[in-house]
Amino acid sequence: MSRQTTDYPLIFERSVAGRMGYSLPELDVPDVDADQLLRQDYLRAAAPPLPEVSEVDLIRHYTGLSKRNHGVDSGFYPLGSCTMKYNPKRNEAAARLPGFALIHPCQPEQSVQGALELLYRLQTYLAEITGMDAVSLQPAAGAAGEWTGLMMIRAYHEQRGEHRTKVIVPDSAHGTNPASAAMAGFTTVTIRSDERGAVDLDALRSAVGSDTAALMLTNPSTLGLFEENIVEIAAIVHAAGGLLYYDGANANAILGYARPGDMGFDVVHLNLHKTFATPHGGGGPGAGPVGVKASLLPYLPVPTVAKRPDGTFYLDEQRPHSIGKVKSFYGNFGILVRAYAYIRTMGPDGLKRVAEDAVLNANYMLRRLAPHYHVPFDRICKHEFVLSGKSFKAHGVKTLDIAKRILDFGYHPPTIYFPLNVEEALMIEPTESESRETLDAFVDVMIRIAREAQETPDIVKLAPHETVIDRLDETAAARNPILRHIAEQ
Amino acid sequence: MKPFSYIPNTEQDRAQMLSSLKLSGVAELFADIPASFRLDQPMNLPPAASEWELMKELKELAGRNVHVEDAVSFLGAGAYHHFIPSVVDAVIGRSEFYSAYTPYQPEISQGILQAIFEYQTLIANLLGMEVSNASVYDGATALGEAALMACSHTRRNRVLVARTVNPDHRAVLATYAAGQSIAVTEIAMTALQLSLPDLERELSDDTAAVIIQYPNFFGTIEDVREIASRAHARGALLIVSAYPIALGLLEAPGSLGADIAVAEGQSLGNSLSFGGPYLGVMATTSALLRRLPGRIAGQTKDRDGRRGFVLTLQAREQHIRREKASSNICSNQALNALAASVYLSCMGPNGLREVARQNLVKAHYAAARFTAAGAELAVAGSYFNEFVLRLGPARDRIVSALAAEGVYFGLPLGRHYPELGEHVLVAVTEVMAKGAIDHTAERLEALL
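The listed protein sequences derive, respectively, from chains D and U.
Be aware that the first sequence starts at 2, since it is given in this note's numbering, and climbs by one per residue.
Be aware that the second sequence starts at 53, since it is given in this note's numbering, and climbs by one per residue.
One chain only, chain D, in its complex shape (with noise of 0.2 Å):
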């Protein structure tokens, strides 16, 4: 890639009055004016300003956003905690099946019975993953999932009578946890990291109470490790009468090798397009099944899919003690369709599998980095791992100048200023499904960069170089916000 010498036109700006990108069949019964059939009040003054534009033009314009744009299948992409592993073809091509693809959500049921029966054995699948009692496949994100689960933990609590109004939460979690906490009603208590990273027990035992509804963890957490006093963590929690709920978005480092459910946790999401490698798609759709014990089951949102006695499968709605719907239908079934594709096509131990490269190619990735990067966590990490860009802070290098010098690269950047409790943090993620000679080459761009921060600051400090487009004025798009295209008169 260049850098751009002309802007890149907007669709509207390909727009010829006259030109036709579309192709219908003539209207095959009578023939009547709308304003025969509706109000005339009722119809459009004017027709919705729209490009009009040929199929060439059209494809050409994609083709090229396209081609601005860095995916999975363009190169590395070890964006921490959000899991960039490779989006399998044949999942594509099985979500695009006919029988799949276009089926109407309310044909009868006896029309559905293979998405129903592929609904059911995922949920039976991912309750053995998780080793829950029962899965709803209903919220359609991680996000989703997350207020879900508190909104079952809620009915669970006001079902017994108790009115527990606190959710705790570690302040290395995603920013999604105390947002999901605010939206289901609870207030949330934030709790520090330990100098291990993990979460401070004497703080947890100070900050649990009658109040207490649950504590969400994630684990591994954001920093990458696992939480290794996890009983002591469901001990307090679970004494002071507050549910666990599992945070599952980091799922991918522990799959065959431990589960929520046997580590004492009533409730947890997992994250489809992460550890199940559903695609991403620019930022959605994504999945966020949620698992429950148990003792939460009556409040599993409408419907589950349920299995008769004879064998048929139906949508169960006659759930009196349910939260209610939490969505539209069933899902997001086409992702669904997708992650069962990819549990069907790893088996129980390519699933393991997973687990172990994701954790042996972070952890060769954060031993050679070390000498190089601050690392404020030295231990066996997990999926992922943090560094921290302060050294280089001395030679007016920062973190965001690090992620910019390694577009140069053709890479895309780890995340950054992620977690909040690590200064400049950089966090990798390389998922299991990149190779040595792609984890060292990147590690040597990280090596160089480091050398450079120091030697030559400033093609790091003026990175990047090498993209169609130089660093964005950030501050002036949100003082002054130009959020669509207004065609000049």
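Do not take every clue at face value.
What the simulated footprint calls covered on chain D by chain U, stretch by stretch (three residues with Cβ under 8 Å from a Cβ of chain U suffice, anywhere in the stretch; the number is not a length) [to be verified]:
#1 52-61
#2 86-97
#3 199-205
#4 214-220
#5 460-473
Below are the DSS-like pairs computed for lysine-lysine, each with C-alpha atoms no more than 25 Å apart in a straight line [to be verified]:
#6 D:462 x D:394
#7 U:108 x D:90
#8 U:376 x D:167
#9 U:74 x D:353
#10 D:90 x U:54
#11 U:111 x D:90
Distance ranges between label pairs, derived from CB positions [stated by the list, open to error]:
#12 U:467 x D:197: 33 to 43 Å
#13 U:102 x D:55: 36 to 46 Å
#14 D:240 x U:277: 21 to 31 Å
#15 U:102 x D:309: 25 to 35 Å
Hints were generated in silico from the structure; no laboratory data involved.
What you are looking at is a predicted structure, and each value in this text was computed from that prediction instead of being measured.
Built from N, CA and C at the ideal position, the CB exists for glycine as well.
Chain D is already provided as a structure; the job is to place chain U on it using the hints.
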């Protein structure tokens, strides 16, 4: 150990990497997991399937579903079978888009950022609103988010929702409201339309918003202007959930007084896919911009003045504001929104109007045929491409008999509307051939 095609490391790679870590085996990497619950047996899952076996299994499962192109489907009720041009899948099938994540690094994400900016423009133009976000999960959650927006903006905590709004969407709204202790009051209907006297009676100084659907769940077109003026007179906002295809012909919600316009965006180039993934369209006025949840892309310049796009106004969002954020949402339905953009750009103003016109005219043709066959149109009001038919006490027998012949004759009402126990909700889109309508009318006449 059996190799896996998505895991490149060989046994030799693993051995060398472990040795560089001074470890003797992978098990040592998991030593931090307390032994008491380390899984010591394989998970109880079916063994790995090869690609051939997998596709065979999936084709068998898919083959046990009847898809809409192998049936005659009059099903709508929030998900619609519309024609999707091939260009849509050609674009969303490009892995530079689908294998990317949220564009956190704008310099190598200009493709998706510009696509979102264009989507926001297309949606704002279609709905007649000033600003759009990058989409939320679906039409139902968009409605829930809109209600939360209205409550935080007006500092009131009661919303009025028409009973003519999709019952599934109302159910999701109820779950959103329960989390926030927001009171939801349903407004009764008369002749399958919101009852204005009931609205007037329920409107009060604590009403944050009035929520309606346009056309409503039954396909009937509400008097949006009148409802807007009554809501506004009491300081309440108007939230309109619109059917995007209808807006090829119908006046835009923004021109009728909507403060927040939402939509189930599936009908814009997204396949039915048994209910998801779809996209929640959300647009509003400049005054409400900072209450809008979700991602928003904005235009800006780089250091040399080149035009570019970034995610903006992030101070509203959960990763900055945490528990004080406008919503917990951290994703958008970017790929579905891309499909919607390609669809709208492909159709253009004339194509969208033509699609809307065909839906309208075909639906009215079908309604005339079905009433001639002996069914009764529930109301005579203005409807777009969906209408309610009364089939009488034999409804379930007729619907089942037609389904057995591969005709899905609409959605039987009654579960959510006990007074409509003899009725079906029938949708007709541009893909419904005249021959199929005529044939269904003949069969209906024989069965009635």
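Problem set entry | Violating hint indices (sorted, rising) | When the structure is compared with the hints, numbers 3, 4, 12, 14 turn out to be violated.
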